[in-house]
Amino acid sequence: MNFSWEFVLDTIKYVAMAIPMTMLLTFIPVTVGLMLGFLLAVTRIRKIPVLTQIITVYNSFFRSIPLVVLFFLVYYGLPKAINYMFHDGMRVVSIKHLNNNAVAIVTLILYAAAFLGEIVRGALSSVDMKQKEAATALGMTGWQTYIRIIIPQAIIVALPNYFNFVLALLKGTSVVFTISVVDMMSAAKLRAEYGYRYVEAYVLVGFFYIVFSILFSRIFLAIERNAKRHMGQTI
Amino acid sequence: MIKVEGLSKSFNDNKVLENVDLTIENGEIVSIIGPSGTGKTTLLRCINYLERPDKGKVTIDDLTVDADNPSKKDIHGLCLRSGMVFQSYNLFHNKTVLENVMEAQVIVKKRSRKEARERALEELKKVGMLDWKDHYPSQLSGGQQQRVAIARAISMDPSILLLDEPTSALDPELTKEVQQTIRNIAKDGMTMLIVTHEIEFARELCNRIVFMDEGHIVEQGTPKEIFSNPKEERTKKFIQFLFPQDYQIYI
Numbered sequence: 000m001n002f003s004w005e006f007v008l009d010t011i012k013y014v015a016m017a018i019p020m021t022m023l024l025t026f027i028p029v030t031v032g033l034m035l036g037f038l039l040a041v042t043r044i045r046k047i048p049v050l051t052q053i054i055t056v057y058n059s060f061f062r063s064i065p066l067v068v069l070f071f072l073v074y075y076g077l078p079k080a081i082n083y084m085f086h087d088g089m090r091v092v093s094i095k096h097l098n099n100n101a102v103a104i105v106t107l108i109l110y111a112a113a114f115l116g117e118i119v120r121g122a123l124s125s126v127d128m129k130q131k132e133a134a135t136a137l138g139m140t141g142w143q144t145y146i147r148i149i150i151p152q153a154i155i156v157a158l159p160n161y162f163n164f165v166l167a168l169l170k171g172t173s174v175v176f177t178i179s180v181v182d183m184m185s186a187a188k189l190r191a192e193y194g195y196r197y198v199e200a201y202v203l204v205g206f207f208y209i210v211f212s213i214l215f216s217r218i219f220l221a222i223e224r225n226a227k228r229h230m231g232q233t234i
Numbered sequence: 000m001i002k003v004e005g006l007s008k009s010f011n012d013n014k015v016l017e018n019v020d021l022t023i024e025n026g027e028i029v030s031i032i033g034p035s036g037t038g039k040t041t042l043l044r045c046i047n048y049l050e051r052p053d054k055g056k057v058t059i060d061d062l063t064v065d066a067d068n069p070s071k072k073d074i075h076g077l078c079l080r081s082g083m084v085f086q087s088y089n090l091f092h093n094k095t096v097l098e099n100v101m102e103a104q105v106i107v108k109k110r111s112r113k114e115a116r117e118r119a120l121e122e123l124k125k126v127g128m129l130d131w132k133d134h135y136p137s138q139l140s141g142g143q144q145q146r147v148a149i150a151r152a153i154s155m156d157p158s159i160l161l162l163d164e165p166t167s168a169l170d171p172e173l174t175k176e177v178q179q180t181i182r183n184i185a186k187d188g189m190t191m192l193i194v195t196h197e198i199e200f201a202r203e204l205c206n207r208i209v210f211m212d213e214g215h216i217v218e219q220g221t222p223k224e225i226f227s228n229p230k231e232e233r234t235k236k237f238i239q240f241l242f243p244q245d246y247q248i249y250i
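Those sequence lines, one after another, are chains L and C.
Sequential numbering from 0 applies to the first sequence in numbering that gives the first Met the number 0.
Sequential numbering from 0 applies to the second sequence in numbering that gives the first Met the number 0.
For the record, the hints were derived by calculation from the structure and aren't laboratory data.
Please read all numbers here as calculations on a predicted model, not as lab measurements.
Careful, some of the hints might be misleading.
[Said to hold, decoys possible] Stretch by stretch, here's where chain L covers chain C in the computed footprint (C-beta under 8 Å, at least three residues):
id	stretch
1	82–88
2	121–133
[Said to hold, decoys possible] One-sided and incomplete, this derived list gives chain C residues near chain L with beta-carbon spacing under 8 Å:
id	residue
3	47
4	75
5	78
6	79
7	106
8	107
9	139
10	169
Glycine included, C-beta positions come from ideal geometry on N, C-alpha and C.
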């Protein structure tokens, strides 16, 4: 068996062109998902009736289902659901009406919100709430206390878990090839099928993932250190 | 002046406070003593509505708040007029000593950072924590944290300082150190209401002792009256328990 370096070099530009898609699929969900997750976490902490139960079910659903199954469910299930709800079950909307990229991003946002909601909740409940009493006694409002005292401390606790999830999702996005979204993995796979050079293509894309993982984990570590320095040591 | 009228509070079916009346004049230092679980701390926490009373009125200076329909603004007003020192200090973990004392001054009192800083340094000097101003609470001993907490409360210019067992989480040495700080504050004429188990400290510092049992104020008077010549049977028992047999009390 021969390993074609020529093919690897040739494929680099195809994979590189798909880098923005992988980044979008990672960073939009972890950003929007964080905001959603925060709302979910606060709702659960405040124990708002009905919503809390719905969120519990939501969280355990998205956290226990494999990402690839989730993609298939949304990709094939969504048109059916739309037809069933708005068109009496007639096949009006089908897969080809959906924008695959949008489906992938929305699914990943929902997926991330469930995980990040739990991370945020854990971090918020790790903060000593007696500080809130002290702040109230000093005349600070609930919001002031949350923004200036509680959340900065929760961030320090949440950061390592949050960045862990970002790295996991960076690699997790690779399954979007199953619904024909062209990210790095998809690009490599398409080239591999084109030239029947599977090993070369996957070695190359693996290398890309390794580089990005190491790069980001370095950046994240620096951010964590910086945050600790500027927000004080907690606990 | 602080006035508590007909204050009642129960947790579920457990009546913790029943119809408590208490008046504290400006400059007075009053200590609440009594067995555990008699509502001493709850009374203190009801004064600034950290615990919402079921019934009764709380007055601090010009503001009277009725438990029937307290507005958010009223409760906020009580918090502004009172300072609180907690058993577990409750300093902000993410702020340095100096920032802890400045925080509410800037956020709540809207003082400029410069003004708040000057005031904070002044108060920290008073409690002897100036050298530690850039440390985080986790780097301090319990006694030091409590002194910072006292400075934080004082810097807000409260009409009354509520101290909730300020030394009961500390060892004897640190207790002395915090008690000395409280004495210094007392010299400045701060009105104080102290819940404490340190009987000697209460006797020596306070103008008045309030003895509570089972949600009621049983008896109040000068330390001499309460410790040497208690009127009520229940007080006598408690004092006898504290100072058994031929323990002599010299006042």
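Now for the hints, and whether the structure bears them out:
1. Proximity of the stretch 82–88 of chain C to chain L, defined as three or more residues with a beta carbon under 8 Å from a beta carbon of that chain, is established by the 4 residues found.
2. Coverage of the stretch 121–133 of chain C by chain L is violated [criterion: at least 3 residues with CB-CB distance below 8 Å; count 0].
3. Restraint check, residue 47(C) versus chain L: the minimum CB separation of about 6 Å is within 8 Å; hint holds.
4. Of the supplied interface hints, the one on residue 75(C) holds, with its beta-carbon coming within about 6 Å of a beta-carbon of chain L, less than 8 Å.
5. For residue 78(C), the suggested interface contact is upheld, since its CB lies about 5 Å from the closest CB of chain L, less than 8 Å.
6. The interface hint given for residue 79(C) holds, since its Cβ lies 5 Å from the closest Cβ of chain L, which is under the 8 Å cut-off.
7. Taking 8 Å as the C-beta contact cut-off toward chain L, the hint placing residue 106(C) at the interface holds, the least distance being around 6 Å.
8. Nearest Cβ of chain L to the Cβ of residue 107(C): about 4 Å, under the 8 Å cut. The hint holds.
9. Against a cut-off of 8 Å between C-beta atoms, the interface hint on residue 139(C) is violated, since the closest Cβ of chain L lies about 12 Å away.
10. This hint is violated: residue 169(C) has a C-beta 16 Å from the nearest C-beta of chain L, more than the 8 Å allowed.
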